[in-house]
Amino acid sequence: MKKLNTIKTIKLLAVLFISTLAFTACSDDDHDHDDDHDHEEELITTVTYTLTNGTDIVTMIYSDEDGDGGNPATSSISGPLTANTIYTGAVKLENKTESPAEDITEEVKAEGDEHEFFYVSTVGKITKTDVDANNNSLGIETTLTTGTAGSGSLTIILKHEPKKPNSGLNDAGGSTDVEVTFNNITIQ
Amino acid sequence: MKKLYSICVLVFCIVTNAIAQDCTYTFKGQVIDFHDNTPLFGATVHILNLDTYIATNEKGEFEFKNLCAGKLTIEVQHISCETKHLTITLKQNLYKEILLEHHLEELNEVIVKTNSKTEITSIEQSLKKNIIDNFSDKSLGDALNTMSGVSSLNTGNSIVKPMIHGLHSSRLLLVNNNVRMFDQEWGDEHAPNIDINASERIDVIKGANTLKYGSDAIGGMILIKPKKYAIKDSIFGSSLLSLNSNGLGGNLNSEIVKTYKSGFYGKLQLNYKQFGDFKAPNYYLTNSGLKSTNASFRFGYNSFEKGFDAYYSFVDNEFAILQSSHIGNVNDLVNAINSQEPRVIEDFSYKINFPRQSIVHHLGKIEAYKRFKGFGKLTVQYDFQINRRKEFDLRRGDLKNTPVIDLRLFTNSLQSDLQIDYSENLKINTGVLLRYQQNDAVAGTGARALIPDFDKYETGVYAVGNYTINDTSELSAGIRYDFSHIDARKTYNLTDWNDTYNYDELFPQFEVSVENTRIQTNPKFTFHNISASLGYIKQFENNMSFVFNYGLANRVPNPSELFSDGLHHSAARIETGLLTIGQETAHKFSFSLEKNNDSFGFAISPYYKQINNFIQLIPVGITTTIRGAFPVWEYNQVNARILGVDIDVNKKINNQLDYFGTLSLLRGDNLTDDIPLIHMPAANFSNRISYTNDEFHKLTISVTHKTILEQKRFPDYNFTTFNATQQQDVYVDISSTPPTYSLFGLNTSATFNAFKKGDLQFEFNIENLFDVSYREHLNRLRYFADEVGRNFNIKIKINY
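Protein sequences, first through last, are from chains A and B. Numbering-wise (this note's numbering), the first sequence opens with residue 13 and increments by one. Numbering-wise (this note's numbering), the second sequence opens with residue 96 and increments by one.
Take the hints with a grain of salt, since some may be wrong.
One-sided excerpt, in silico: chain A residues whose CB lies under 8 Å from chain B [stated by the list, open to error]:
| # | residue |
| --- | --- |
| 1 | E52 |
| 2 | I56 |
| 3 | D68 |
| 4 | Y74 |
| 5 | D76 |
| 6 | G82 |
| 7 | G124 |
| 8 | D125 |
| 9 | V132 |
| 10 | D144 |
| 11 | A145 |
| 12 | L181 |
| 13 | T193 |
With a straight-line Cα cutoff of 27 Å, these simulated BS3-like cross-link-like pairs (lysine-lysine) come out [stated by the list, open to error]:
| # | chain 1 | residue 1 | chain 2 | residue 2 |
| --- | --- | --- | --- | --- |
| 14 | B | K495 | A | K175 |
| 15 | A | K175 | B | K446 |
| 16 | A | K121 | B | K495 |
| 17 | A | K176 | B | K495 |
It should be emphasised that the hints constitute simulated quantities derived from the structure, not laboratory data. Note that the coordinates shown come from a computational prediction; the quantities given were computed from them, not determined experimentally. Glycine included, C-beta positions come from ideal geometry on N, C-alpha and C.
Looking at chain B on its own, in the form it has when it is part of the complex:
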């Protein structure tokens, strides 16, 4: 403030001097906040070509006297506002209103603070670019796994599906660049097709403030955010090369950004990743490599009042799936469980053999916004996604190179969001969504489609209000309504339709025609959904705050829960969805007590979820086929309860040493059967100690540790089956969980100023430092092989 006054004094001096010229025009005006029309006090108005300053008074007014006719180049500044430039031609006395934008974060680069939340009243955590870079050659799920309360459901080591509080798939909203991802996320072995390198920041919202994006975020939401660029002429970029000893592969990522003073910007990012067979401490994991090619392109225009953003991304993933996991029937599974080592162990190879997944995902969007003075901001967005998933299995004869599953999912949405923010205390967000989705089970696979053809129509309306009660507390509340209609075409086994499931009496209206032992059907379902949220934050002294969230979420059953029917080859099980499955309803209560402080901070976040009609996939028995016996997994609905607590602690030991720790405890119960819920993450904790020396090449050395305890609470779905080889019944232990394990890691990094503008960053990391052999309960391939062993990693990053 003092500085401002001294400027003012200076201004008056200059103005006094200016009187000497023979000019008589006056330029008066008022500087106003764009949002609420309030005058801005202490804004500086600078006529650049005259080098004349003035500061506005309490009414936001300013006045220049005795100006000459001609062009004036003016710069207007205010604390935490976007600087505004304008040019006027003075021919007579002039009065001008100048609007300034005080939402800096909307236009400028995001200022990275420890406490920059997407929604002030929500319970959330973020990963910043520097952390994301550490995972450049891993997956999104691996990066999120470092957060408390977040775990993953894996298929091998490269197919990683994020889980929040034990919930995944359709219960997690994954929003990439403001587009909700639809990439057949319903399957256990379907990981999100996101190139982690294309993101700037990832927010994990555990609480309830997710209504803008959908009604079904029972687990939570993962928000992948792009960067906002400064409005200036600039070109910059970075390249990152990462090399690994385990899998003898790595990742190369390059991006380049061009921004213009006019507000236009463009970004191009390219990424290539390849790995060969990974190695567990004692053997190679034959057929576990991957190949991934990704690209993203963005351009747009960003200004004070209006702008647009166009984004397109392409992800092409090829994942090898452990060869030993391909099994024929339950006896093969028994052999795998009883054997210490996988049945196929070969030398290292880059070859991606069978089984494998090949997935291509296109995502495009265009978004445009306009601000209305004294009212708010309207955003309209259209987006589309095409997901083509092919799964190849070990097959006979001519079908060798034909995928056993070939699905193409097309989704496109049109949505609007209106943010009304002229009022100081009350902000309202409201919007409408229209979505059409089409799944095509591509013909020619020579196998019955696990997921049928369907068309799905959705509409949604929501309104969320955020009310600032006083300086220290805020309240938010929201409501959403969704309509969805699904129209599918599926053929059933006639005996199953009539007798096993009794559908001929339950759904006679779906029957189309009968051909031999098969019946063609046309199931149609319509759902109505109401969801709601409530959030409250209270801030105390010493950077302490308390947050409460309540969420009511309703989720419509996904196509696999309704229509799955048949052998899931790679899983050696028959999976059955049921047409009788209905919506599930969750009540989520979450609290968080947080202290945001660099020297000592913490977050203690307990939560409680009551989920009625929770849809789960569980083993229900055995069926005999010509290939032998198979366990049957069926979707059913139970009442469930999940409760737990996530704890995060950070402590500055001294100027150079920092400690960071997390603890996650969770308990999931199937209340209907009074047993634990299947596939719930075990209690786990992690510690990290980091040494940072800013003066010596920003050197950092950190030691990390993570322990996952044995999951002792699991439902017992074990069974016995006849083994012809042994001529006796054998026990199939598919439920028992692997023992506790601890992993240590080392990360080092240093930065050098290599060029005039830009720097060079070196990293050396070791994962699984002690080469521990372990198996993880939430890895679907845990019956077949150990997890990946020690890895040395080198990263070189050039910023230019």
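Isolated chain A, as found in the complex:
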């Protein structure tokens, strides 16, 4: 009798064990092994700021094409700015790890009410000329009025979920999506 009971218990345990295994196997719903974990969709690799005044075009490019880590980011300025000139500025964000390169500016524009660009510059006065759906500044399009000859720097900052409208970076809050600085910009 005792033996019988033991056998019964063992049988029961075996059944439970197997059902547990079956259960765990079934719960493999989301399981994948496609190894596509190395895909950074949100990445911004390149920030391009193009300043145009007729045929006088100056392009500033900040780029980190292998993303965070690895090779350090590089920045380049195509040439000097002309003193006392009004340039039309446009900023472009791209993810160049995708092929073709993904234009992130479009995404930012679509969510204009949640984003805003800020410019900190010692080479001239920058005014934002575009607005979001709520008629608040957005900053993809700008004008830059240069001063007298000399040199300086320019920092472009993109804030996610800033306070809108705001009186500038000091009370905008939000979290930073982009912050790049171009140093040694010459004005002549």
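Since the structure of chain A is already known, use the hints to place chain B on it.
Positioned in the frame of chain A, the structure of chain B alone reads:
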């Protein structure tokens, strides 16, 4: 004893009377202890249907004479033994050996004593059900925080990670219902996924007796225990409702237990918890609510010789993480540190927004045991766990509702434990463990996985002996060997692989293929671990005892220490693990002088830990990304030393007033760099005075106090960074610690007999009585907001 003899006298009288019947059979036998085969003197053998008693003699023997043929229902009893029932059919003279089980606690409900230890020779403390109930709407970490030497590493107020002696994560073993928890416990912001309401008792083992469960309990072990049920026909349950003013939320927990005389039992427990935004004294902590649904189910069979227990639990947690803590780069961090208030303060809401964590944890186990007469007990257990962790961050566009981290960890283990306890003085526990673990970084997150896919295989063997030297002293010793192999698949940045870390020379065998700027690798590591423990207890008069523990623990680096690589969004830092990280080895010495007495008792427990190749995560510099500058935190290894003392005192002032106090002092040093260790708990002390009136509805009123002193010993990892807005370098003070704070609380409780069977318990509590604004050094969000302010809590518990 006197009573027993009077029963005996009675028995003989009845037996004499029985002679009058015309029956001639004899029923003889011997009552024996199941464990060591020794005869039991003074056991009563009762033939229920004849109402006849007899007591056994020194040889455990008994004899009934002149019985009639037929059925006999017999009950056998002995002091501190499980009463045994048997039915025999008498057709001729009969001799029967009756085995009794003297390990009452194995079968009956645990008898709650102030001094019921899991291991007699270990240094440990416990939380009982009545204390656990106080924390029904909080977390495991909050409940443990009330003990001396135990603190927590928090992320906000609902993600609470327990810490013993300043050590956490992979250095703490968390054993839930005899199953070691694997829920990606390696991350700082990964709290254990345990529903505290499902537990009956929680033991914290600070000493060394943890080899049965693993080799790496450098900090200690937390043992969450279920209840043992009495073998009787019964149905009982309880419901607990808790409501809070802060967070406008609460918890509802119900459980029902059915037990059968046959030994079968079942339990079902359900729990739901929800909170909205919590409030610091001066503002709402926007996006700090939580939602949690838990269920557990148990059934089993419990008998003298064999039994089984099946358990399944489901935990679904959704934690909102303070919105202000989502920052973009180091300048945002500087702004947060310099600002008195969080940057986002909105009105109260139940909404769980971004950032948030969503975690589902399944745990199932089945355990079966069999006792062998005169030998011991064999237990075999299979368990599995599935942990799915999703972390959501503030993201752009289509990725808004896509988690940035999505990991699925599957663990399953098969283990045996053989307890050899036939010898009076020597008890041996030995067992084998087999474990397979698989981590899957679920695709589709649109972000690089912080933790890669891996498979891990483990085996372990252990033996622990417990030797009773004499009536007052015991010695235990144990040894364990573990083998583990980890096989991971990870892609690195090619420049990092070749130049930054020099892995192309160190680990060329791991390289698989190169694609543009990325390299696919297949790192494989094998580790062998030896760990050991030694424990000694000596008991003196006046309930005094002295305990000594030594432990040698080896810990294998966890996947985050080896493979972390990239931006940890919510932490605004880049975290880097290193393939070169090796095992860490700890020598733990702990002592305890204890006096267990209700009127005046204490425990003074000093400890000393020497940890070689201690793995720590520290800031090492700054890196510039397109999002601006980020601090880089890297895992490295140093030699460390942690020493301290935990003191507990209890004193009965009079019949109704009790005092209880704790003091914890700790000092952690990084010996390699001769600086303090990062994230070590500060000195703290607590006091509690309780008034109890048993005659008036078991009324209790207690006032509690806890002071955490400012941590003055911290390593200085501050740095400066260029701030474009201010066009100058700014100082980033990430190391300084917040000032000392004291918190007071009030707890009241009363019980009413509401029904025939069962009672109704009311509680009214206030936490942070004086609505103090404070920040805690061990809260990862301390840069962003104050801790939670005053809370009024009402609890209603019905036992039925």
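Right, here's what the structure says about each hint:
| no. | hint | result |
| --- | --- | --- |
| 1 | E52 | 5 Å, holds |
| 2 | I56 | 5 Å, holds |
| 3 | D68 | 26 Å, violated |
| 4 | Y74 | 7 Å, holds |
| 5 | D76 | 5 Å, holds |
| 6 | G82 | 4 Å, holds |
| 7 | G124 | 12 Å, violated |
| 8 | D125 | 13 Å, violated |
| 9 | V132 | 5 Å, holds |
| 10 | D144 | 14 Å, violated |
| 11 | A145 | 15 Å, violated |
| 12 | L181 | 5 Å, holds |
| 13 | T193 | 6 Å, holds |
| 14 | B:K495 to A:K175 | 19 Å, holds |
| 15 | A:K175 to B:K446 | 20 Å, holds |
| 16 | A:K121 to B:K495 | 16 Å, holds |
| 17 | A:K176 to B:K495 | 20 Å, holds |
Going down the numbered hints, you'll see the structure goes against 3, 7, 8, 10 and 11, while the others check out.
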